[in-house]
Structures are given as C-alpha cells and as structure tokens.
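Peer 1: What follows is each chain in one-letter form.
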Amino acid sequence: MFIDIDCSQVKKYNQNAFGDYFVSKRYPDEAKLIAVLSDGLGSGIKANILSCMTATMLLRFVENQQIPIRKAAEIVMNSLPVCKVRKISYSTFSIIDVNDEGNAKIIEEGNPEFIWIRDNEVMTPPFETIQSKTFKNRCMKSYKIRLQLGDRLIFCSDGVTQCGLGNGRLKLGLRREGLINLLQAKLQEEPDISSSELSAYIIRQAKNIETDRLPKDDISACVLYFREPRTSLVFTGPPFNQKKDAEYAKIFDEFKGKKAICGGTTANLISRELNRPITMDKEISIGKLPSCSYMDGVDLVTEGILTLTEAWEQLEEGNLDIDNAAGKLIKFLLDSDCINFMVGAKLNQAHYNPALPVEIEIRKNIIKKMAAVLQDKYFKKVSVQYM
Amino acid sequence: MEKISVKVCLGTTCFVMGSANLQELIDIVPAKYGDKVDVSGVPCLGLCATDWEFSKAPYVKVNNEVVKEATVEKVLNEIEKQLGKK
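Chains A and B supply the protein sequences, listed in that same order.
Every letter in the first sequence is one number past the one before it in the working numbering, and letter 278, counting from 1, is 278.
Convert by adding 1000 to the 1-based position in the second sequence; the result is the number in the working numbering.
To be clear, the hints were calculated from the coordinates, so they are not data collected in a lab.
All C-beta atoms in this analysis are idealised placements derived from N, C-alpha and C, irrespective of residue type, glycine included.
Some hints here could point you the wrong way.
So the derived label-pair ranges between C-beta atoms look like this [as the list claims (entries may be wrong)]:
id, chain 1, residue 1, chain 2, residue 2, range
1, A, Lys-331, B, Glu-1024, 27 to 37 Å
2, B, Glu-1069, A, Glu-313, 27 to 37 Å
3, B, Glu-1073, A, Phe-240, 34 to 44 Å
4, A, Lys-282, B, Glu-1080, 18 to 28 Å
5, B, Gly-1034, A, Val-384, 18 to 28 Å
6, B, Lys-1036, A, Phe-240, 41 to 51 Å
7, B, Lys-1068, A, Cys-338, 36 to 46 Å
8, A, Gly-257, B, Asp-1038, 31 to 41 Å
9, B, Gly-1018, A, Asn-14, 29 to 39 Å
10, B, Glu-1024, A, Gly-150, 33 to 43 Å
11, A, Gly-150, B, Asp-1038, 46 to 56 Å
List of simulated lysine to aspartate or glutamate pairs, EDC-like, C-alpha gap at most 16 Å [claimed, not checked]:
id, chain 1, residue 1, chain 2, residue 2
12, B, Lys-1007, B, Asp-1038
13, A, Lys-282, B, Asp-1038
14, A, Lys-282, B, Asp-1027
15, B, Lys-1003, B, Glu-1080
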C-alpha cells in the first residue's frame, strides 16, 4: 500500500508566520511514515516557534525507534509549559506512525479528533485515554488502528473545525460534523482525489466560511490516503557496460507503470534495442530546453542533463507549472508515488569540454539531488539503481 | 527526386553549443525549398561522444553529410550543394 500524504495550511490574517506546524518523514528502509501536526498557542512567530519545536521534537524522539511513540508523546505532554495568560499548554499535537501494511499508531493531545473515512463512511476507532501525571487538565488519546486500501485519515488544527465561529450562519463554527459533511460530499464527487487536492479543498472551504474570508486562526489540514501506488520508471544515461544495453532495455520495456527516458543517447539506445522509431516535434526548443520526442510505449522522452537540472531547480523552488520539457517531466514525477530511476553510469567525454557551461552536471549528482527533493519535499518513494 | 533530410542534433552538448539557435532552419527551410527538404530535430546524433577530442558541436546531418559547428548559413550552404548535385 502506498500512503499519499499532504498538508495544506493558511495563516491567520495579518500574521506573517504559520502558527501550525506540519512535519512528515518517510523511512523507506522500515517501510513506514511518521507525521506530526502541531498547533502552537496564539499565532504568528510565537506560535510558530512553539508548534515547530513540539512537532520536530516528537519526530526526533520517535524516529529510529529511539523512544516508543506513546512514551514520546507522554514526555511531551508532561513537559509542555503552561501559558501564563491562558493557563493552558503551549501547544497541541497529533502524531501518526504508520507502516505500508496499514498498521497505524496515532496519538493526539488537544487537537480535534482525526477523521477516519472508509467507503465514504466515518469509522469510530476505540482509543485509550492517558492522563498526564503532571497536569490535571491534560490527557491524550491513543489509537491503534488497522487501515485498508482506500482508507483516508484527516487531521486538522482547530482552525478548521472552528472556522466561521460567530458568523451568522455557523454560530459554533464548522465543527467536526460540518467538516465530515464537506468531506463526504467531495469524496462522493471525486472518490480518487489525491491528498494534496483534498487538503487544499478543505483549506479553501474553511477560508470561504470565515467572515470576509479572513482566517481568525491558523488553519491546517493534513490528509493521508492509502492506495495502490502509481509507479513510474525514469531511464537516464547509457549503461556503463554497453554489452548490457539489451538487458536493461528489456527491463525498461517490461516495467509495469509509466515510463520516461531522459537523454538523447539513451532514447537512441532504447529505440535501437526495442526497434521502435523516435519521432520529434517540429520545434527545436521550448523555453531554453530541447523539445520532447516520442516513442511508442513510452510516456515521455526528453533530453537528459539540462532537462533534469531544470526540473530539479523548479521542484526545489516549487514552480510546478512550466511549459517546457522540464515541466512535463515534473508533471510525470508528481503524478507518481513510487519513482524508480535507472541511471546509466557511462560518461560522455564531450560533457567535460571546458567550452560547455559549468551548469552541466554529472548525471549521478543531479539524480541524487532529484531523489532527495522528491522524497523530502514531495513525499515520494524513490529508488535509484545504477547500471 | 528524393527528399533531402536535415537532422539537427538536440543532445545536451549540441544544444548548449548552439543547436538551440537553429530553430530558424525549421522556420525558413520549408518556405525556401518547399517539400524538397525535410528538417527535424533528433534526440542525439551521437557524434560528440565519438569526436570528442576535437568536439565540433553542434552537429547537423544533411543526408549523410555531417555539418560540424553548424550554423544556419553552413546548413543552408550544404543543402544548396546537395540540391545542385542532383
């Protein structure tokens, strides 16, 4: 099972920092994911620091199984200071530790209860209440649940459930029930909606409910969706040992999922081995990059280093909507959950010509950076195989 | 008469060494020669890797003739030459 996770946020109006903090990390070796959503007391910089500290500390505690999740959450709950003015704890949090089989441990303290949706029905999981030993008014809920393919989990800060509070239509705000209605209607309409789209939808709706569309609190929604992974393969660079061209071309051909080739020589190699012609557009370049070419059975064929470098830069900066080969590659990558790179290690001496711009990177380096950004920023599962 | 095929290499080396500037060929050749000449880009002609010691990218192939350090002018000359022969 693949866990499609994303979080969308808006700040309280007139603030320049987010008071909610979301952090998530995949651990490919252990086939699991940990995510934390924390809401800092107040808003702006102060709340940002509080929530950021809470979330990152929890993640650090739990990763590498240093401290069991329940123990870690207890430590945080028992040690969060009390705000002098409001007499409540500095921040609230929800933490989830889930593996690819769907076994999830969830602990929440102070945040609205998460929503678990299966077949568009809301599930009511059992939980255990853990009372804080140091603060009487603090307790957390601990869940152990087993998820199935198609299940969704929605975590949000109270900015979502309390949005619209006090305005004419919703005196008590959207509340949990209102949010569930919104979610069910949306899922009825688009059963396969991605986590990034669904979380953005929640935020948009919450903002619309607020008077004058001005959020009175930080609003965050984190969505997890358990589904079959969409796999893709990017073949770039000729294999080090030319004798293996046929073997690797066969692996490429037999791969089930979407396929891309990045590199002119590589495209020729696949074309030769699989006996499939390449056709091109009647354009040389679009936006400073060579244009794409086409091959039967391959979803995308681009030039190599320049396109990969440009795509990496834009992924880093978050400009995802660009009209050139790199834009197409970005779309290809972001539409996948598990991305495999097959990277040829053969060097092209011509790339070392001093007359070439210094931006021409070594393929291995650019793939390394690409894998890192896809994994850390876009939560993809990435594997790299050198050949 | 057989068409003359012009292939512009769009591999990394050729592209940065100047084939990006050969778009003009695609625009002017059909206007000038009609359907006698066919111009297109190709992913890579593979010439820089074999010729690297004296890399003369960008490369363009006019039928089987390789134009090194190609410019619009050089390619047009080569087309003229081959058209004249026929």
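Peer 1: Determine whether the Cβ-Cβ distance between B:Glu-1069 and A:Glu-313 falls within the hinted range of 27 to 37 Å.
Peer 2: 29 Å, holds
Peer 1: Please work out if A:Lys-282 and B:Asp-1027 have their alpha carbons no farther apart than 16 Å.
Peer 2: 9 Å, holds
Peer 1: Can the suggested window of 36 to 46 Å be confirmed for the beta-carbon pair B:Lys-1068 and A:Cys-338?
Peer 2: 43 Å, holds
Peer 1: Do the beta carbons of B:Gly-1018 and A:Asn-14 sit within 29 to 39 Å of each other?
Peer 2: 52 Å, violated
Peer 1: Taking the Cβ atom of A:Lys-282 and the Cβ atom of B:Glu-1080, is their distance within the range 18 to 28 Å?
Peer 2: 22 Å, holds
Peer 1: Falls inside 27 to 37 Å, the C-beta gap from A:Lys-331 to B:Glu-1024?
Peer 2: Since A:Lys-331 and B:Glu-1024 have Cβ atoms about 30 Å apart, the given range 27 to 37 Å holds.
Peer 1: Lying within 46 to 56 Å: is that true of the beta-carbon distance A:Gly-150 to B:Asp-1038?
Peer 2: 51 Å, holds
Peer 1: Looking only at beta-carbon atoms, does the pair A:Gly-257, B:Asp-1038 fall within the given range of 31 to 41 Å?
Peer 2: The hint (31 to 41 Å, Cβ to Cβ) holds, given that A:Gly-257 and B:Asp-1038 are roughly 35 Å apart.
Peer 1: Does B:Lys-1003 pair with B:Glu-1080 here, judged by a C-alpha cut-off of 16 Å?
Peer 2: Status holds; Cα separation ~13 Å.
Peer 1: If I claimed the Cβ atoms of B:Gly-1034 and A:Val-384 lie 18 to 28 Å apart, would that claim hold in this structure?
Peer 2: 49 Å, violated
Peer 1: Would you check the hint for A:Lys-282 and B:Asp-1038, treating anything up to 16 Å between C-alpha atoms as holding?
Peer 2: Distance ~10 Å between A:Lys-282 and B:Asp-1038 Cα, so the pair holds.
Peer 1: Using the beta carbons of B:Glu-1024 and A:Gly-150, state whether their distance is inside 33 to 43 Å or not.
Peer 2: With Cβ atoms ~54 Å apart, the hint is violated.
The structure does not agree with the numbered hints 5, 9, 10 stated previously, though it agrees with the rest.
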